[in-house]
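Starting from the given sequences, assemble the full structure and let the hints guide the process.
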Amino acid sequence: MSNSQLLASRLTKDRLFKGIVIGLSCVLILPLFFILFYIFQKGLSVFTWEFFTQLPQPVGEVGGGVSNAIVGTLMLIGIASLVSIPLGILTGTYLAENKKTRLSEFARLCNDVLQGVPSIVMGIIAYVWVVIPMGSFSALSGGIALGLMMLPIVTKTTEETLYMIPDSLKEASYALGAPYYKTILTVILPSAKSGIISGILLGVARISGETAPLLFTAFGNPFMNTNIFKSVNSLPLLIFNYATSPYDDWQMLAWGASLLLVLFVLGLSLLAKVVNRS
Amino acid sequence: MKSYKPIEFVEIKELLFKRLLFLCGCIAIVILLYLFYTLVSESWLSIKTIGFSFVFNHVWDPVRSHFGALPFFIGTMVTAIMALIISLPFSIAMALFLGEYFKEGKWASILKSVLDLLAGIPSVIYGFWGLFVLVPLIRQFEVMIGVTPLGVGILTSSLVLALMIIPYSASISREVIALVPQELKEAALSLGATPFEMIRKVILPYAKSGIFAGVLMSFGRAISETMAVTMLIGNVNKIPLSIFSPANTMSSVIANEFAEATEALYLSSLIELALILFFVTAVFSFIGRLVIKKWVISS
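From first to last, the protein sequence lines stand for chains R and S.
So for the first sequence, my numbering puts the first residue at 30; every next one is plus one.
So for the second sequence, my numbering puts the first residue at 321; every next one is plus one.
Just so you know, these hints were derived from the structure itself, not from any lab.
Just so you know, these numbers come straight off a predicted model, no measurement behind them.
Even glycine gets a Cβ: it sits at the ideal position worked out from N, Cα and C.
A couple of the hints might just be wrong.
Stated by the list, open to error - Simulated coverage check for chain S against chain R, where a stretch passes if three residues somewhere in it have a Cβ under 8 Å from a Cβ of chain R:
| no. | segment |
| --- | --- |
| 1 | 337-345 |
| 2 | 564-575 |
To be verified - Some, not all, of what chain R presents toward chain S, calculated at C-beta under 10 Å:
| no. | residue |
| --- | --- |
| 3 | Asp43 |
| 4 | Ile51 |
| 5 | Gly52 |
| 6 | Val56 |
| 7 | Phe63 |
| 8 | Tyr67 |
| 9 | Gly121 |
| 10 | Cys139 |
| 11 | Leu143 |
| 12 | Pro181 |
| 13 | Tyr203 |
| 14 | Val291 |
Here is the structure:
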């Protein structure tokens, strides 16, 4: 093979490879497009006022909505946030303040492992820790399961944000005579506010689509319930139950709930990005 | 003159705050250890009564108290490995696209948002979509090649699973590829290598162990995924014989049967499955992190 032929074949291979990389990457747009298109097409048709304000109807009756699941989802997110945000921020602060002690290295490792715990295992844990002692499925147990999943996320983002705060800020506060706790609470944490808030938003976005931890904790409930000691419905649970049901009306409700959930999750992630940028 | 707080009061607060921070620092450790303890103690009954045959026995029949989890291990492994194989070309292509060919610009931001969106869609919605769109397609395909047209099964769940882990493995590989030193790449290019040769002979060998770590972590992700798989795998407690057969994975069997498990041994063996699942994912994510950490330090 002459030199020019060799060069030509090398260049062709290069172009071919680049083409394959671009091709494979762009193929990924297709499934995303199909999923979103399908959800929007099916979901938008059930988006009416009743969808947001009414309870699901029994089989055979037309209409109905998912108001109980919306309320339930918000309750679960609220409980999870109460559990995970204060703890997560303080844990993250501790880890950022003690970068290289043996305890904090181990705690960081545990935090990573905790983040990787399969969601279904979290459901079992919340079942054993909360449902069995209390004797019934409850919003509280579901919220705790979700809170345990959110905790590592809040911890991690707090820690990473605090690393970016310059030491001079802390030194300036010390120089003015402020004690340690005041420095942390009124100087360091407020200056890391946007990073922490975006971490919280990401955490909420992550847990609000979780179904597996709720299967044997929040359990689902066809009625409206605002008591945290009783079982509640949530959007992902409703989608799971109705998607696998054989009834068209219920499946349509599930499509509507899917659209609502996707919009909620994507909106939160978008908001997290905007907050982080500012 | 302004009055000031007595110094002791401040010191008490200081001490309390430090204690509080310390306690919170320990909380992840405490939760994780207690979680592990809970899983072990709740599954102790089944570990004790069933022993090792739990892992090797292939009959899962709760009515007759036969608890052999082999079908679920095989189901989990096969779906996860297939999902990895399907996803690997896409995630490496995506990583090269974002980490090498188009680091910034319009296309990069479009594809980044595609990955973000794919990662943001909840698992149960993937399952729902798969059930209504992918299952009929697969069924047609099965009719075409002459297999029992069930639609649900290992192939269907692997496809959806692959779609779900691509954003994760692509973002790890991209970070790894972006860490390859610029000088090495430039040296290769200045010696007359084409970009393809540079990628094949410099980037990929250099980033090999990092990409491998990413694969391990994606594998951990794939085996722990529950909802989409539960909806698409067909839920049959038998060892799958082909990629079209329905099966069950560890997480899907827990999702399906936990709520109806009333007998103590039944519940306990389901929790033992959760314990194994927890252990395997923890080991995979741990090794993956270790490899990446070593790799980052050495380079």
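Going through the hints against the structure:
| no. | hint | in the structure |
| --- | --- | --- |
| 1 | 337-345 | holds (count 7) |
| 2 | 564-575 | holds (count 3) |
| 3 | Asp43 | holds, 4 Å |
| 4 | Ile51 | holds, 7 Å |
| 5 | Gly52 | holds, 8 Å |
| 6 | Val56 | holds, 7 Å |
| 7 | Phe63 | holds, 7 Å |
| 8 | Tyr67 | holds, 6 Å |
| 9 | Gly121 | holds, 9 Å |
| 10 | Cys139 | holds, 4 Å |
| 11 | Leu143 | holds, 5 Å |
| 12 | Pro181 | holds, 7 Å |
| 13 | Tyr203 | violated, 12 Å |
| 14 | Val291 | holds, 6 Å |
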